[in-house]
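Enquirer: Next come the chains, spelled out residue by residue.
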Amino acid sequence: MATESANGVSSPELNERDVVITTNDNRNFTVKIGVARVSKTINNMIQDLGESLDLSSGIPLPNVDGPIFEKVLEWCEEHKNAPEIKVEQDPHTRERKWFTMTEWEEEYFRKFLSHLWDLAMAANYLEIPSLYYYTCQKLAERIKGRTPEQIREMFGIEDDLTEEEKAEIRRTNVWCTY
Amino acid sequence: MSSNSSKLEENSSHITLIGLPQESLQQILGYLSYDQLSNVRAVYRKIRTVAEGLLNSGFTQLGQEIEQASALLRKHLPRRESARRAHRLNNYAEVFSALEARYTLLSMTYKKFIECGYCCFIPGKVLDEAFCVIRRLNKDIHMAINNENQFERLPHLNSIELLKDFKDYSSMAMEHFDENIAVRFPNKYMLALSGNRRLSDPFPARHFGINKTAFNKTGLTMPQIKHNNLTSNTSNVSLQFELFKTDVNRRLSEQSRIIQEQDKVIKEHSETINRILSLLSDTDRASLFASSSIPTSLVQESTENHKSSEDDGVILADIAGPSISKKSYNLRKRNANDENKVVKKFRRGI
Chain F
1 MATESANGVS SPELNERDVV ITTNDNRNFT VKIGVARVSK TINNMIQDLG
51 ESLDLSSGIP LPNVDGPIFE KVLEWCEEHK NAPEIKVEQD PHTRERKWFT
101 MTEWEEEYFR KFLSHLWDLA MAANYLEIPS LYYYTCQKLA ERIKGRTPEQ
151 IREMFGIEDD LTEEEKAEIR RTNVWCTY
Chain D
1 MSSNSSKLEE NSSHITLIGL PQESLQQILG YLSYDQLSNV RAVYRKIRTV
51 AEGLLNSGFT QLGQEIEQAS ALLRKHLPRR ESARRAHRLN NYAEVFSALE
101 ARYTLLSMTY KKFIECGYCC FIPGKVLDEA FCVIRRLNKD IHMAINNENQ
151 FERLPHLNSI ELLKDFKDYS SMAMEHFDEN IAVRFPNKYM LALSGNRRLS
201 DPFPARHFGI NKTAFNKTGL TMPQIKHNNL TSNTSNVSLQ FELFKTDVNR
251 RLSEQSRIIQ EQDKVIKEHS ETINRILSLL SDTDRASLFA SSSIPTSLVQ
301 ESTENHKSSE DDGVILADIA GPSISKKSYN LRKRNANDEN KVVKKFRRGI
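Residue numbers (the UniProt record's numbering), protein chains in the order written: chain F, 1 to 178; chain D, 1 to 350.
Chain F on its own, in the form it takes in the complex:
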């Protein structure tokens, strides 16, 4: 089989080509380069490999598993032409601004509500700012207004604090509940 190389192909043209990405559970995903490039990590790999990039043998992603990458790809497909987002602060109050999400994004997070931690982790590794910041915001929304017990239950977090430690935290926090 002839090796397909990225060499000598202009950027818009390259974006239309397919690249194979292999996740840590050995699943192969055939993705358009333009979509894969939403991830800065993959984009850097493509740029670094340059001439030696072999589009058919694939790019390995040892830190992401298949089911999560599938979800990430869905996001990338939708955001392939979106401008880069950044965390903003109100210039006067220095308060962090919350992002306003589109209907599609809201729906996306509703669908994958139980995988927010995984998405944040994958987005962090793959360097997808939009997915990363939006997921973090969603997680914060979920945590907001809940008790530690509810948070642990919701995310299936193991309770690794001792009873004394928890009692100590409770005791230090009772000052405002007089």
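Worth flagging that the hints you see were computed from the coordinates, not collected in a lab.
Glycine included, each C-beta is placed from N, C-alpha and C at the ideal position.
Take the hints with a grain of salt, since some may be wrong.
[To be verified] 30 Å max Cα-Cα, derived BS3-like pairs, lysine-lysine:
hint: 1; chain 1: D; residue 1: Lys139; chain 2: F; residue 2: Lys97
hint: 2; chain 1: D; residue 1: Lys139; chain 2: F; residue 2: Lys144
hint: 3; chain 1: F; residue 1: Lys166; chain 2: F; residue 2: Lys86
hint: 4; chain 1: F; residue 1: Lys71; chain 2: F; residue 2: Lys97
hint: 5; chain 1: D; residue 1: Lys164; chain 2: F; residue 2: Lys144
hint: 6; chain 1: D; residue 1: Lys167; chain 2: F; residue 2: Lys97
hint: 7; chain 1: F; residue 1: Lys86; chain 2: D; residue 2: Lys139
hint: 8; chain 1: D; residue 1: Lys46; chain 2: F; residue 2: Lys97
hint: 9; chain 1: F; residue 1: Lys166; chain 2: D; residue 2: Lys167
hint: 10; chain 1: D; residue 1: Lys164; chain 2: D; residue 2: Lys75
hint: 11; chain 1: F; residue 1: Lys86; chain 2: F; residue 2: Lys111
hint: 12; chain 1: F; residue 1: Lys71; chain 2: D; residue 2: Lys46
hint: 13; chain 1: F; residue 1: Lys80; chain 2: F; residue 2: Lys97
hint: 14; chain 1: F; residue 1: Lys144; chain 2: F; residue 2: Lys166
hint: 15; chain 1: F; residue 1: Lys86; chain 2: D; residue 2: Lys111
hint: 16; chain 1: D; residue 1: Lys46; chain 2: F; residue 2: Lys144
hint: 17; chain 1: F; residue 1: Lys144; chain 2: D; residue 2: Lys111
hint: 18; chain 1: D; residue 1: Lys164; chain 2: F; residue 2: Lys40
hint: 19; chain 1: F; residue 1: Lys166; chain 2: D; residue 2: Lys111
hint: 20; chain 1: F; residue 1: Lys144; chain 2: F; residue 2: Lys111
[Claimed, not checked] Only part of the chain F face toward chain D is listed, based on derived beta-carbon distances under 7 Å:
hint: 21; residue: Leu49
hint: 22; residue: Leu53
hint: 23; residue: Tyr125
hint: 24; residue: Cys136
hint: 25; residue: Leu161
hint: 26; residue: Thr162
hint: 27; residue: Lys166
[To be verified] Computed list of chain F residues with no C-beta within reach of chain D, every gap over 12 Å:
hint: 28; residue: Asn15
hint: 29; residue: Arg17
hint: 30; residue: Val20
hint: 31; residue: Asn26
hint: 32; residue: Asn44
hint: 33; residue: Met45
hint: 34; residue: Gln47
hint: 35; residue: Asp54
hint: 36; residue: Glu78
hint: 37; residue: Glu84
hint: 38; residue: Glu105
hint: 39; residue: Thr135
hint: 40; residue: Leu139
The hints should help you fit chain D onto chain F, whose structure is shown.
Expert: Coordinates of chain D only, in the frame set by chain F:
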């Protein structure tokens, strides 16, 4: 198949949380209010570390923001005091100085324990309240500055009403901290000793006593490591006492040396007085002797001299006259001179 995969995902969710880098947790928790950060400390150890870090940096940030805002106000306020008092921004400056005073109090309560790693800045709600006030004021101030310094449109602030919640919450938090939290830190008295208080309080043992009692109240047993601390700090105390003792001893010996010197002077003085008295009796004898061989006019003259002259030596020589042998005359003159010096010295001393 689907149940299997969901189970796998559930597990991976847990793994992810542990693997999630600290920055990501900071990013997530950064959206929460400081009050909530105090609460989520009880979720998970890693979350606790991040939340406590955020609370501490929030406290530092509060100090910085108060300082920055005060500096900005100073820049825009007139220097002349009367003009400044009439300025609309003065009202804002007053609120910020009240905030600054409160912040100093909070620092005094929490900072040394935070620095020692005993706790974080626990009362997140206090930070929320303070930031809420600062943000409101900053918005007004920046708006006025950006609007070609139109300060006249600024609303008049009721600083008491504005800071009511912040003051209430911070007082409650500090009170609770002092009464219920700080006393439980097993070796608070070490802190009291090693901190600034040691310099201002000459009786470190008092702190020791108070806190020891407080510690006993908790019914906790002091861990071994604390014992080591205790020993090292006790040796510190004994070293201090040793220094104090040496100092007292030094002063004592100095004092006794002065007393000895004074004794010597007193002894000298009494000797001098005795000698003067004996000389006076000699003079009496001499005058008796003179009455027989020296003409009366001379005796009278010498008596006048005695009254007017300060120099007793001359008087004695005059009184003694030629009838007293040269040797005894010289001796007496020398003695008289000595007495003279001592008397003068004595008078100066008085």
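Enquirer: With reference to the structure, classify each hint as holding or not holding.
Expert: Structure-based check of each hint:
1. D/Lys139 / F/Lys97: Since the Cα atoms of D/Lys139 and F/Lys97 sit roughly 15 Å apart, the hinted pair holds (cutoff 30 Å).
2. D/Lys139 / F/Lys144: Within the cut-off at roughly 26 Å; holds.
3. F/Lys166 / F/Lys86: violated (36 Å)
4. F/Lys71 / F/Lys97: holds (26 Å)
5. D/Lys164 / F/Lys144: holds (26 Å)
6. D/Lys167 / F/Lys97: holds (27 Å)
7. F/Lys86 / D/Lys139: holds (23 Å)
8. D/Lys46 / F/Lys97: Holds, at about 25 Å.
9. F/Lys166 / D/Lys167: OK: F/Lys166 and D/Lys167 at ~28 Å, within 30 Å.
10. D/Lys164 / D/Lys75: Given pair D/Lys164, D/Lys75 holds - Cα atoms ~27 Å apart, limit 30 Å.
11. F/Lys86 / F/Lys111: holds (24 Å)
12. F/Lys71 / D/Lys46: Roughly 27 Å separates the two Cα atoms, so the pair holds.
13. F/Lys80 / F/Lys97: holds (24 Å)
14. F/Lys144 / F/Lys166: holds (19 Å)
15. F/Lys86 / D/Lys111: Not satisfied, since the Cα-Cα distance of roughly 34 Å exceeds 30 Å.
16. D/Lys46 / F/Lys144: holds (18 Å)
17. F/Lys144 / D/Lys111: holds (28 Å)
18. D/Lys164 / F/Lys40: violated (49 Å)
19. F/Lys166 / D/Lys111: Roughly 23 Å separates the two Cα atoms, so the pair holds.
20. F/Lys144 / F/Lys111: holds (20 Å)
21. Leu49: violated (26 Å)
22. Leu53: The hint is violated - F/Leu53 has no Cβ within 7 Å of chain D, the shortest such distance being about 28 Å.
23. Tyr125: Check failed: Cβ of F/Tyr125 comes no nearer than 9 Å to chain D, outside 7 Å.
24. Cys136: holds (5 Å)
25. Leu161: Hint holds; F/Leu161 Cβ to chain D Cβ min 6 Å, cut 7 Å.
26. Thr162: The hint is violated - F/Thr162 has no Cβ within 7 Å of chain D, the shortest such distance being about 10 Å.
27. Lys166: holds (5 Å)
28. Asn15: Consistent with the label, F/Asn15 stays out of reach of chain D, its closest Cβ about 29 Å off (over 12 Å).
29. Arg17: The claim holds: F/Arg17 sits with its nearest Cβ about 31 Å from chain D, beyond 12 Å.
30. Val20: Holds, since 23 Å exceeds 12 Å.
31. Asn26: holds (15 Å)
32. Asn44: Given a closest Cβ separation of 18 Å, the condition holds.
33. Met45: Check passes; 20 Å lies beyond 12 Å.
34. Gln47: holds (24 Å)
35. Asp54: About 30 Å separates F/Asp54 from the closest Cβ of chain D, which puts it past 12 Å; holds.
36. Glu78: holds (22 Å)
37. Glu84: holds (16 Å)
38. Glu105: holds (16 Å)
39. Thr135: Answer for F/Thr135: violated, closest chain D Cβ roughly 9 Å.
40. Leu139: At about 5 Å from chain D, F/Leu139 fails to clear the 12 Å cut-off, so the statement is violated.
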